[in-house]
Amino acid sequence: MVWSVATGEPYRLIENGEVDAAVSAALPEADDIVLADHSISWDLVPVVEGHLARGRSFTMLDHHKSAVALAVQPWATVDLGRSGTGLLYDHVGRPPELAEFAALVEDHDLWRHSDPRSAQLAALLGLVGHERFISRFASDPRVHFTEGELLLMEVEARRRQDYIERRVAQAEQVVIGGRRWAVCFAEQYQSDLADALMKGLGVEATAIVNAARATVSLRARDLDVSLIARRFGGGGHARAAAFTAAGKPLEEGLLDFKRTLVEALGE
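The numbers in the sequence shown follow our numbering, run straight up by one, and end at 266.
Beta-carbon label-pair distances, calculated as ranges:
{"hint": "1", "residue 1": "Glu17", "residue 2": "Thr58", "range": "10 to 20 Å"}
{"hint": "2", "residue 1": "Asp114", "residue 2": "Arg11", "range": "26 to 36 Å"}
{"hint": "3", "residue 1": "Gln172", "residue 2": "Asp255", "range": "17 to 27 Å"}
{"hint": "4", "residue 1": "Glu164", "residue 2": "Arg55", "range": "48 to 58 Å"}
{"hint": "5", "residue 1": "Arg53", "residue 2": "Arg157", "range": "52 to 62 Å"}
{"hint": "6", "residue 1": "His143", "residue 2": "Gly176", "range": "40 to 50 Å"}
Keep in mind that the hints were calculated from the coordinates and are not lab data.
Using N, Cα and C, we set each Cβ at its ideal position, and we do this for glycine too.
Please model the complete structure; the sequences and the hints are all you need to start from.
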C-alpha cells in the first residue's frame, strides 16, 4: 500500500519461496527494482551486479536476520529493528499522509502492539485480501474503520479464538534437543496460534505446518529458529521464521499421506 500510494508504480506480491525466481524474472524487464521485506540468495548477487552494471538500479530492504550477511552490499539495507513497511516508507521519502499507516503496520509487525488499531489493521487485511485492502486505503490512508469493518473484525475475532483453541487442543508436544516443542497443522492465524501454544502449553518453541501450501512456520522464545529455517532454504527472525517444504524431502511425508489416503478410499 505504501509503495502504491507513494509512487503509483506497479508492484508484485511474492511469497518467501519464490523470491529468487521473481527477481530473476523481473531483472531483464525492469530498469528499477525495489525488493522490500524479502532478501535474495547469494546465488543471485552476480545477476544483480550485472543489472547494476548496465546502468539500472536494484534496492533491497529487509529486516530479517537471514538477510544480515547481504547488508555489506551497497544496494541492500537491512535493519532488524524496523519492519519491511517502515523501511519502504523511508525509501519513498516518508510522505506525511502515510506516516500513521506505516507506524501501525510496524507496530504489529514487530509485536509491539502499543496501538490496538495495529492488530485491527492486520485483521482487516486478512479478511478482505491484499487487493481490496490496498484499494480501501489508497484513496484515504488515514486509519479510521467504518462500523461495518468493526463488526466484521468482531465476528472474525470470535472465529479466530475458536480456531486457535481447537488447534491448541490438537497440538502434539515433543522434546527436541532438550526443548519442548508443540507441533500442529494450521492454515490460519499462525502467529497468534504460536503465541497461544507457548502460553497455553508452556512449550519453548512451535512448528506449525500448512499442509495446503507445504510450508512450516517456526516460533520460539530463546531459540534462534531462523537458523533452522535457513537449513531448509527459508529465513526470518530469531524468534519467528518459516520455510517451504515444497520440492524437499520433507514434502514426501505429506505426499505419502495423500497417496495412502487415496489408496485407502479405493479399497
